[in-house]
Amino acid sequence: MQFDLVDFRLLVNIAEEKSLSRGAERSHLSIPAASNRIKNLESRIGMDLLYRNSQGVTLTPIGQSFLHHARIVLRQLEHLCGDLQEYTEGIKGHIKIFATTTAITELLPEPISRFLRAHPDVNITMQEHRSQHILRAVTEGSIDIGIVAENINHENVQLFPFGQDRLALVAPVDHPLVGRREVAFAETLDYDYVGLWESSAMHSFLVDASRSLNRPMKFRLEVGSIEAACRMVSFGVGIAMVPVSAARRYATSFDIRVIELSDDWARRCLQICVRNLEQLPVFARDLVAFLLATADVSAL
Numbered sequence: 001m002q003f004d005l006v007d008f009r010l011l012v013n014i015a016e017e018k019s020l021s022r023g024a025e026r027s028h029l030s031i032p033a034a035s036n037r038i039k040n041l042e043s044r045i046g047m048d049l050l051y052r053n054s055q056g057v058t059l060t061p062i063g064q065s066f067l068h069h070a071r072i073v074l075r076q077l078e079h080l081c082g083d084l085q086e087y088t089e090g091i092k093g094h095i096k097i098f099a100t101t102t103a104i105t106e107l108l109p110e111p112i113s114r115f116l117r118a119h120p121d122v123n124i125t126m127q128e129h130r131s132q133h134i135l136r137a138v139t140e141g142s143i144d145i146g147i148v149a150e151n152i153n154h155e156n157v158q159l160f161p162f163g164q165d166r167l168a169l170v171a172p173v174d175h176p177l178v179g180r181r182e183v184a185f186a187e188t189l190d191y192d193y194v195g196l197w198e199s200s201a202m203h204s205f206l207v208d209a210s211r212s213l214n215r216p217m218k219f220r221l222e223v224g225s226i227e228a229a230c231r232m233v234s235f236g237v238g239i240a241m242v243p244v245s246a247a248r249r250y251a252t253s254f255d256i257r258v259i260e261l262s263d264d265w266a267r268r269c270l271q272i273c274v275r276n277l278e279q280l281p282v283f284a285r286d287l288v289a290f291l292l293a294t295a296d297v298s299a300l
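The opening residue of the sequence shown carries number 1 in the UniProt record's numbering; numbering runs sequentially from there.
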């Protein structure tokens, strides 16, 4: 059975877009050409890859299996191209990382910048996501490295301790909660919040925590960064939940107070997550080793 890399990319794009037409557009194919490719692929396999309906398309079980292997093949091809670029364009490799809000804003900037200075032949793409999405991307082979913030025991990934994710409340100096050494998350839900944008991993995490208490969060304002949230808190717009290291740092610049959270989930271990360390390209393995060498699990 022979496969075409164009078909691999097409199916991945269709799955991610949940639409044949948008998948075709991402693959730079016309809709008829994309449809014919999928039909020919299904004919060769002897089974349907897609469920088709008026709302779009979804993958059949065999389609899910095909997608999993297609992502692995395409990722390995990217690794090959990265290695070959060393001899053509001077860029040796490209590493794709998904990480939590705390990892991206607090723990990764300094070691990543040092790694890139020491490795001018490597490029990195880094995106913020929730832990479960990161784990799925690692197991699917669509990223090289993940940084997750939950106690995960998954047989299909390898995990390495990296740091600590601890959340704290920041409040205006005249807020009713100021003066408390610590506070439960449930108590904070009586007050207006300054939150990060809805697309952020932190926003989704806190909304899920409030839903588990059957209490809504009252977002008065949503902003694009932790610094902006702390600044708006200093002007009395509301309270905010941020990594404790950021809270303490901005408390030296803004008129805010830091209050610890008593909830157990506010303290989580960050872990580096990879599918198989030995199968990573050498430059990605070098980054994992570098992060582990600079990690301080008691940093927060």
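No lab work stands behind these hints: they were computed from the structure.
Don't take every hint at face value.
Claimed, not checked - Pair by pair, the computed Cβ-Cβ distance ranges are:
(1) A184 <-> I62: 41 to 51 Å
(2) I62 <-> A118: 42 to 52 Å
(3) D264 <-> P120: 42 to 52 Å
(4) P109 <-> F160: 46 to 56 Å
(5) S262 <-> F235: 20 to 30 Å
What the hints assert, rightly or not - No farther apart than 20 Å at their CA atoms in a straight line, the calculated lysine to any residue pairs in the SDA-like style are these:
(6) K218 <-> S245
(7) K96 <-> P120
(8) K96 <-> A209
(9) K96 <-> A289
(10) K18 <-> Q2
(11) K18 <-> H133
(12) K39 <-> R75
(13) K96 <-> L280
(14) K96 <-> R52
(15) K18 <-> P120
C-beta: ideal position from N, C-alpha, C; glycine also.
For each hint, the structure was consulted:
1. The hinted range of 41 to 51 Å is satisfied by A184 and I62, whose Cβ atoms lie roughly 48 Å apart.
2. A hinted range of 42 to 52 Å holds for the C-beta pair I62 and A118, which are about 45 Å apart.
3. Between D264 and P120 the Cβ separation comes to about 43 Å, which falls inside the hinted range of 42 to 52 Å.
4. As the Cβ distance of P109 to F160 is approximately 19 Å, the hint placing it in 46 to 56 Å is violated.
5. Roughly 27 Å separates the CB atoms of S262 and F235, a value that falls within the hinted 20 to 30 Å.
6. This hinted pair does not check out: K218 and S245 have alpha carbons roughly 24 Å apart, beyond 20 Å.
7. Between K96 and P120 the alpha-carbon distance is near 16 Å, which keeps this suggested pair within the 20 Å criterion.
8. With a C-alpha separation of about 29 Å, the suggested pair K96 and A209 falls outside the 20 Å cut-off, and the hint is violated.
9. For the given pair, K96 sits about 16 Å from A289 by alpha-carbon distance, which is consistent with the 20 Å threshold.
10. Taking the CA atoms of K18 and Q2, the gap is near 25 Å; set against the 20 Å cutoff, the hint is violated.
11. The suggested pairing of K18 with H133 holds, with an alpha-carbon distance near 17 Å, which does not exceed 20 Å.
12. Among the hinted pairs, K39 with R75 is inconsistent with the structure: their alpha-carbon atoms are about 24 Å apart, more than 20 Å.
13. Restraint check for K96 and L280: satisfied, since their Cα atoms lie roughly 11 Å apart, inside the 20 Å limit.
14. Taking the CA atoms of K96 and R52, the gap is near 32 Å; set against the 20 Å cutoff, the hint is violated.
15. Distance check on the hinted pair: K18 and P120 sit about 37 Å apart at the alpha-carbon level, beyond 20 Å; violated.
The structure shown violates the earlier hints numbered 4, 6, 8, 10, 12, 14, 15.
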